[in-house]
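Residue numbering for the sequence shown is -18 to -1, 1 to 64, as defined by mature numbering (1 follows the signal peptide of the UniProt record, and there is no 0).
Worth double-checking, as some hints may not be accurate.
What follows is a list of derived Cβ distance ranges for each label pair [unchecked claim]:
#1 27 with 3: 24 to 30 Å
#2 35 with 59: 18 to 24 Å
#3 28 with 55: 18 to 24 Å
#4 2 with 46: 17 to 23 Å
#5 3 with 46: 27 to 33 Å
#6 3 with 47: 26 to 32 Å
Everything labelled a hint here was simulated from the structure, so no lab data went into it. In this text, a Cβ means the ideal position worked out from N, Cα and C, and glycines have one as well.
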Amino acid sequence: MRALVLTLLMSFSAMSHANESIEAVLAAMQGEKKGVTLYVQGQQIGGAVVKLEPGKTVELRGPGGQRVVVRLDRVDAVALYP
């Protein structure tokens, strides 16, 4: 039981660190006015970072001007535009 609890705590810690890394990349891209692609449950969402609510959401503006709000805890990965 103790090993299971320790394993769960370690996985939550790793997830938290990954979320912090994703958030840091998004904050940097917001400052540089560059686009990103978010990978969310097998879907790709691309756009420029317009607004970042730390620990909550990121708002992207797509090429057509549409805006998309994504919960940060749903983001699996981030890719940067070249």
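Hints versus structure:
1. 27 with 3: 24 to 30 Å: Given a distance of about 18 Å, which is not inside 24 to 30 Å, the answer is violated.
2. 35 with 59: 18 to 24 Å: At 20 Å between Cβs, range holds.
3. 28 with 55: 18 to 24 Å: 20 Å, holds
4. 2 with 46: 17 to 23 Å: For residue 2 and residue 46 the Cβ distance comes to about 31 Å; the hint is violated.
5. 3 with 46: 27 to 33 Å: 29 Å, holds
6. 3 with 47: 26 to 32 Å: 29 Å, holds
Against the hints set out earlier in the document, violations occur for numbers 1 and 4.
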